[in-house]
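Number of protein chains: 2
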Amino acid sequence: MTDKKIYSASTTAPVNIAVVKYWGKRSVKLNLPTNSSLSVTLSQADLKTHTTAACSSTFTENSLWLNGEAQDVSGARQTACFRELKALRKKLEDANPSLPKMSEYYVHVVSENNFPTAAGLASSAAGFAALVRAIADLYELPESPTELSKIARQGSGSACRSLFGGYVAWEMGQAVDGSDSYAVEVAPASHWPEMKAAILVVSAAKKSVSSTAGMQATVNTSALFTHRACDVVPKRMEAMKAAIENRDFEQFAAHTMADSNQFHAVCLDTTPPIFYMNDVSRAAIRAVEALNTHEGRVVGAYTFDAGPNAVIYYQEKDEEKILGFLGTLLAPEVAEWAGKYAKVTPEGYDNGSFEALKDGVSRVILTRVGEGPIRTHDSLIGADGLPRKR
Amino acid sequence: MTDKKIYSASTTAPVNIAVVKYWGKRSVKLNLPTNSSLSVTLSQADLKTHTTAACSSTFTENSLWLNGEAQDVSGARQTACFRELKALRKKLEDANPSLPKMSEYYVHVVSENNFPTAAGLASSAAGFAALVRAIADLYELPESPTELSKIARQGSGSACRSLFGGYVAWEMGQAVDGSDSYAVEVAPASHWPEMKAAILVVSAAKKSVSSTAGMQATVNTSALFTHRACDVVPKRMEAMKAAIENRDFEQFAAHTMADSNQFHAVCLDTTPPIFYMNDVSRAAIRAVEALNTHEGRVVGAYTFDAGPNAVIYYQEKDEEKILGFLGTLLAPEVAEWAGKYAKVTPEGYDNGSFEALKDGVSRVILTRVGEGPIRTHDSLIGADGLPRKR
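If you read the sequences in order, they're chains A and B.
Here this note's numbering is used: position 86 in the first sequence is 86, and no number is missing along the way.
Here this note's numbering is used: position 186 in the second sequence is 186, and no number is missing along the way.
Worth flagging that the hints you see were computed from the coordinates, not collected in a lab.
Among the clues, some could well be false.
Same chains, same label: a pair holds when it works inside one copy or across any pair of copies.
[What the hints assert, rightly or not] Straight-line distance between alpha carbons at most 25 Å, and here's what the computed SDA-like set of lysine to any residue pairs gives:
id: 1; residue 1: Lys358; residue 2: Asn278
id: 2; residue 1: Lys317; residue 2: Glu112
id: 3; residue 1: Lys4; residue 2: Val186
id: 4; residue 1: Lys4; residue 2: Asn62
id: 5; residue 1: Lys241; residue 2: Leu141
id: 6; residue 1: Lys321; residue 2: Thr271
id: 7; residue 1: Lys235; residue 2: Val219
id: 8; residue 1: Lys241; residue 2: Thr221
id: 9; residue 1: Lys235; residue 2: Thr221
id: 10; residue 1: Lys241; residue 2: Thr271
id: 11; residue 1: Lys235; residue 2: Ser203
id: 12; residue 1: Lys343; residue 2: Gly307
id: 13; residue 1: Lys358; residue 2: Asp279
id: 14; residue 1: Lys317; residue 2: Val209
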């Protein structure tokens, strides 16, 4: 008698925002990077992907639904993840013939983000981390998050870091097959739980250059890139790990800002040049600088991924200053907390420098360092093996 | 009997726009650069400083008027130029006692730009070149433009290049006293007279970071800067000289654009980051790229100095394409030539990418490669030794 059961597992996975940036691949196929990177995992209370993976002998193809829309799963990225996870499952089944033959079944995956995909918020990292974690749970794989991170990496490079909470390094590795290019925990969220983040969502047209295309253009044409990848980042990785170890926000902030700027500098040094920041992003940089100068110490650290959104890291003890200042700069409907904190107005505050923020920032997400993927019983897949109606 | 005569000499001097950028000083006092640079001298028909220098035993102090306004001449930059020029005059007088003792007289200098100083058009380069050339003429100094360029360099680094027309290199030199840091002609304007330039004047707030302060911040904090100065620019200087020698616009353009982008990249890699380009500048880059793609060859090359203005170099044979395209992008009152050329609309022309240009470009100056300083009998100083009323 054939097993017609629908097996399923569900997880949520977090977004991560790098403070030492990943930019450049030494292998596009395997998503092997030209330098190591380091990120902070953000709380799933604010940003998460919720994913259910199911398999059954009754399924007739691999399928993926994201936010209710069926997606193409024939791409190399998805295919690699499915293949590698099934191979690990197969090993278990070979060792224990009593296990259901899930490795032979098609998979259904249903994913939902609790934030707008289009906002440029590293949704692919959370998405692939959730996909890999959910299928690994479905298959009851014993592999560690670091082992699984090598699979998530092949889906989306930065996804490997979303398999851990807290402070996470992606060690670039040296092996041609990618076997030593994986994520490791630098410190859990509980080591430095005071780390918070304000994400200034900047309205912008669609990205003009995809990350993969942009990275490879930089690798191929930037005269400055090799120096960054080979000389600057290795030292910065060590300095950043030490800053996290010592909960030294000033060092953490200095490297975070310098690394973001250098990443965008090598983008600009690309032919043709790549721009992700715009005038609103620049106004956000000036605002953070003005506040740090006003306070006489570093209270905020900005960083920008491959888009115009500003992520401002700060420590909980400085929340009043950060949010008070943002409350003076942003439109009242955006800075919903504005009434809660005293306004902060630096000396020499030049409204003109920051006015782009009032029009350009459409939303602020307040969040903090958080945990890695969390298993849940909240299934997105119904008894028919299809996305549950919500 | 005392000589009460007012001696005077007048000159005009050009603006130059670098295609290999000067950024970084190894000596701030002597304006000695960390890398060589190369520029195109622009026609004085469109942009020039007109300067008269006079001296007399009756003058009671060194004075300088710029565009009708008395200026402070006590600064180190002006003082160095006056001192060095007087020293050269003194040598002449010592060798020939019959010469008037001009080296003992105070100097009056009157300068007028035929373009708005505030437009960010390298006015200090033309200004110091004209000042040095006019005083050298007043003193009847036999020194070559290269010798005089060492003096102009101390006024404003890039001024040394405005003592020549055509294509001009500033060789960085090695000597601690600056004796081998001077300008030389790479080729006269007549070698490649087809070189034209469209300057898109972008309205912007005052520069937030002065060039000198910005340069030194980059030298002190950018991890990528040394690689640019020591490894990239020396090769690019040779490549650019070859491109000019061969009138190879494609090579000239490739290096011009890459060098501008790299200069702004090291500005961005500075702590805190320095931004001179804005969203309008970026739209100008996208426009030039779109046109080059449309034409299937490089017809235009953008470059940006320490400000948002775009300078687009092109060859005369492509004027119709460049001006036709700019005519489609810019506001009609700015693109006054628009009726004269057919509009050029690239395939895949996305109005949204360029709309910042329509609002952001307030004026276009059409010019071309031109001559070095030109002596004139049009004196700006009256018989009373003061600025002539105009």
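We went through each hint and held it up to the structure:
1. Lys358 with Asn278: Answer is both; intra-copy 14 Å and inter-copy 17 Å each pass.
2. Lys317 with Glu112: neither (33 Å within a copy, 56 Å between copies)
3. Lys4 with Val186: Neither: 43 Å inside a copy, 81 Å across copies.
4. Lys4 with Asn62: Answer is within: at 16 Å inside a copy they meet the 25 Å cutoff, but 99 Å across does not.
5. Lys241 with Leu141: neither (30 Å within a copy, 63 Å between copies)
6. Lys321 with Thr271: For lysine 321 and threonine 271, only the inter-copy Cα distance (22 Å) is at most 25 Å; the intra-copy one is 40 Å.
7. Lys235 with Val219: Both. Shortest intra-copy (20 Å) and inter-copy (19 Å) distances satisfy the 25 Å Cα cut-off.
8. Lys241 with Thr221: between (30 Å within a copy, 21 Å between copies)
9. Lys235 with Thr221: both (23 Å within a copy, 15 Å between copies)
10. Lys241 with Thr271: Only across copies: lysine 241 and threonine 271 sit 21 Å apart there, 33 Å inside one copy, limit 25 Å.
11. Lys235 with Ser203: Classified as neither: same-chain Cα gap 34 Å, cross-chain 41 Å, threshold 25 Å.
12. Lys343 with Gly307: Neither: 28 Å inside a chain and 33 Å across chains, both beyond 25 Å.
13. Lys358 with Asp279: both (12 Å within a copy, 17 Å between copies)
14. Lys317 with Val209: neither (38 Å within a copy, 32 Å between copies)
In this structure, the earlier hints numbered 2, 3, 5, 11, 12, 14 are contradicted, and the remaining ones agree with it.
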